[in-house]
Amino acid sequence: MTDTSATPGPRGLRSRLHRFDVRASPYVFVAPFFLCFAAFGLFPLVWTGWLSLHRVDLLDPDAMSWLGLDNYARLLDADRGEQFRNALGNTVTIGVLSTVPQLLMALGLAHLLNYRLRGRGFLRVAVLAPYATSIAAATLVFVQLFNPDYGLVNWFLSLVGVRPDWYADTWPAQIAISTVVTWRWTGYNALIYLAAMQSVPKDLYEAASLDGASRWQQFTRVTVPSIRPTILFTAVVSTIGATQLFGEPLLFGGGVGVSGGSAHQYQTLALYMYELGWPSRQLGRAAAVAWSMLLILLLIGAVQYLIARRNRAPQEG
1 MTDTSATPGP
11 RGLRSRLHRF
21 DVRASPYVFV
31 APFFLCFAAF
41 GLFPLVWTGW
51 LSLHRVDLLD
61 PDAMSWLGLD
71 NYARLLDADR
81 GEQFRNALGN
91 TVTIGVLSTV
101 PQLLMALGLA
111 HLLNYRLRGR
121 GFLRVAVLAP
131 YATSIAAATL
141 VFVQLFNPDY
151 GLVNWFLSLV
161 GVRPDWYADT
171 WPAQIAISTV
181 VTWRWTGYNA
191 LIYLAAMQSV
201 PKDLYEAASL
211 DGASRWQQFT
221 RVTVPSIRPT
231 ILFTAVVSTI
241 GATQLFGEPL
251 LFGGGVGVSG
261 GSAHQYQTLA
271 LYMYELGWPS
281 RQLGRAAAVA
291 WSMLLILLLI
301 GAVQYLIARR
311 NRAPQEG
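Numbered by the UniProt record's numbering, the letters in the sequence shown go through residues 1 to 317 in order.
Keep in mind that the hints were calculated from the coordinates and are not lab data.
Remember, predicted model here, so these are calculated numbers, not experimental data.
Nothing false has been slipped in among the hints.
If you anchor each label on the Cβ, the simulated ranges turn out as follows:
| no. | residue 1 | residue 2 | range |
| --- | --- | --- | --- |
| 1 | W47 | L145 | 40 to 46 Å |
| 2 | V125 | S158 | 32 to 38 Å |
| 3 | F40 | E206 | 49 to 55 Å |
| 4 | A39 | N86 | 33 to 39 Å |
For every residue, glycine included, the Cβ atom is placed at its ideal position computed from N, Cα and C.
Can you build the whole structure from these sequences, using the hints too?
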């Protein structure tokens, strides 16, 4: 007599394969993402951090010499870190000049698009046109508009006796670059706000209308509080984008775009990092700037988390 108890039959084998498939399939499906993240996200992040601790010449990257935290100390040094502090200040200034007007106009535009207007479908698509336009094309158009000699903006300002130099002066240059950023992203954020507004229950507006609230009061006391998480989200994302600003100031400056102007008057952190890494060939210092930008973004994310949790606490209570 043959003992078959130790030999799995076809049904037992299929059952084991099925259990293995159920357990392993989720990991197989998500494995490509984690492999790509490790190759193109985690490894560059770790390698950049390693480079930031060394002196590295772009023309001879194998001849690295250990510096420890000296590259970071150089950024904070009173004398050697002057250009870094200037780039950080420019980044904050341009970020505020572009983010605040951008989000305010996006909120107002979304409020108008939320009404039953004729052709509102076309208008909703049209507001995305600036976002769909390439950075190069948009910036080059604004370069012509802000040209100090023959630009349309200075032609209008000359009527009241004002002719700022949008390239050489600090504030005019930063305002011009902020205008490009605002023009490109206002419509995109407006559609995000519009989607959030359309999810607000109509009962709230009806109740406010019965209480005698005007449209402005409905907007400030019903709409804005209801979409506050969305406003916070767009504010954080826009701030992160402003911290990484690169294309607009680079193209705006033309031949001196990498330096952010003749006196670094609009050089951002991203431009400073690029200048160190490529024209100056100092990869170690550029990597330190990159990691400093990462720490700034993490700090912004932490502030956003604390604000969101603080706003959520009264609602849960």
